[in-house]
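Enquirer: Sequence:
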Amino acid sequence: MIPLKEQNGKSPAKQLEHVLHPWVAFLILPLFAFANAGVSLQGVTVEGLTSLLPVGYYCRAVYRQAVGY
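Just so you know, we're using this note's numbering here: the sequence shown kicks off at -6 and counts up by one.
Derived from the structure by calculation, the hints contain no laboratory data.
Distance windows between CB atoms, simulated:
#, residue 1, residue 2, range
1, Val48, Glu(-1), 38 to 46 Å
2, Gly2, Phe25, 29 to 37 Å
3, Ala6, Tyr50, 30 to 38 Å
Note that beta-carbon positions come from the ideal geometry of N, C-alpha and C, so glycine has one too.
Hey, can you work out the whole structure from these sequences and the hints?
Expert: Shown next as structure tokens:
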């Protein structure tokens, strides 16, 4: 079981949630969304993901997430 409060008064569950949030928001959730939408990721390469257009899209998505758009 996860204790309710730690010695310093912070909840371990909240700390874990804080650590996992970026991974879930930017990696796991989009992968599940693609899988549930039926988008095939077969043939996707590292070179394709790091070319200029996808990198611009990633930067735009991160910016919009930070701004709250």
